[in-house]
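Just so we're aligned, residue 1 is where the sequence shown starts under full-length UniProt numbering, counting upward by one.
These are computed hints drawn from the structure, not numbers from a lab. Computed from a predicted structure; not experimentally measured. Careful, some of the hints might be misleading.
What the hints assert, rightly or not - Only pairs whose alpha carbons sit at most 25 Å apart, straight line, appear in this in silico SDA-like list of lysine to any residue:
(1) 187 with 232
(2) 217 with 52
(3) 199 with 222
(4) 203 with 58
(5) 180 with 57
(6) 180 with 245
(7) 217 with 51
(8) 217 with 245
(9) 26 with 74
(10) 26 with 41
(11) 192 with 12
(12) 203 with 250
(13) 180 with 30
(14) 199 with 250
(15) 187 with 242
(16) 203 with 226
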Amino acid sequence: MSSDTFLDTTLRPASWDEYIGQDSVKNNLHILISAAKERDNPPEHVLFYGPPGLGKTTLAHLIARELGGSLRSTSGPAIERVGDLAALLTNLAQGDILFIDEIHRLPRSIEEVLYPAMESGMLNIIIGKGPSARTLELPLAPFTLIAATTRVADLSAPLRSRFSGGVFRLEFYSEDDIAKIVRRSAKILDVKIDEGGVKEIAKRSRATPRTANYLLKRARDYAQLKRAPLSAKTVAEALGLLEVDALGLTPLDRKLLVALIDRFQGGPTGVGALAAALAEEPNTLSEVHEPFLLQLGLIERTPRGRVATALAYEHLGRSVPLGLNQKLL
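Generate the whole structure from the sequences, applying the supplied hints.
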């Protein structure tokens, strides 16, 4: 089995020094972890949120590695019953980390059981029904819950408030930081790439490390078959086949902009109408595509809906209509 069969495990940073970007989050975590280690206590519970692919899971692995505890990973949708959560919590040893990805999809009934576990280290389970029902309290080993979500607004206020270690937003990466990640990944994968190729991938990576690593591997495959050096020209040709343009937009990104401009006269329009026009799920547009389009300034969210900006018209080679500024108000 080759060393790059599993991209996530091969390219995931193994130390804080290898983790590039998100400096503010790293500094706050360093204080939280160092102080907890001095007190010989597990750190308080932590929540990470932001678009997919920015390193939330990697941060959980790094925290567990620094603390020397085991990391138990699961996801919100995987915890369907109270018994599932009870099995996870009662099997944790002192100092272990429980990582719950997409915690906003955790059923509300299970949230109620999680509250006392996070606050007082007790698991309250109701046994039986009706007048004969009784509550069983099980003490838990001290642990740290690390949660991640792409939709922090969907978390209930009581659950958010229990992440006393901090609620941290992960930001999109700068092009320079993405370039550093591409150079590191190329070295791990034993891929020779020149600076032009690095910059071309960084420019089209959607400011996201996961996407940058994906594009690097696909460009590597193309260069291998073409027996060509991994230069800016080769990378551009490879990503052209993937229909990833110079800004990193995918076909669906461009279809969204075209639909907004042609079918809805540039907006404003709601995400539901856009999703219907594209035959896509509204959540796919709002969680996967819109954040990057907003980051680039290609669309704006107004009280009346989404509006295409002058940059969107220019990127698609369209004339900017008169009165566009009024729509953005």
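Okay, the hints, checked on the actual structure:
1. 187 with 232: 17 Å, holds
2. 217 with 52: 19 Å, holds
3. 199 with 222: Given pair residue 199, residue 222 holds - Cα atoms ~17 Å apart, limit 25 Å.
4. 203 with 58: This hinted pair holds, its Cα atoms lying about 23 Å apart.
5. 180 with 57: Since the Cα atoms of residue 180 and residue 57 sit roughly 20 Å apart, the hinted pair holds (cutoff 25 Å).
6. 180 with 245: Holds, at roughly 21 Å.
7. 217 with 51: 22 Å, holds
8. 217 with 245: 17 Å, holds
9. 26 with 74: Satisfied, since the Cα-Cα distance of roughly 23 Å is no more than 25 Å.
10. 26 with 41: 20 Å, holds
11. 192 with 12: 19 Å, holds
12. 203 with 250: Given that 25 Å is the threshold and the Cα spacing comes to 13 Å, the pair holds.
13. 180 with 30: 22 Å, holds
14. 199 with 250: The given pair, whose Cα atoms are some 18 Å apart, holds under the 25 Å limit.
15. 187 with 242: Given pair residue 187, residue 242 holds - Cα atoms ~23 Å apart, limit 25 Å.
16. 203 with 226: 23 Å, holds
Figure legend: structure checked against the earlier numbered hints; every hint is met.
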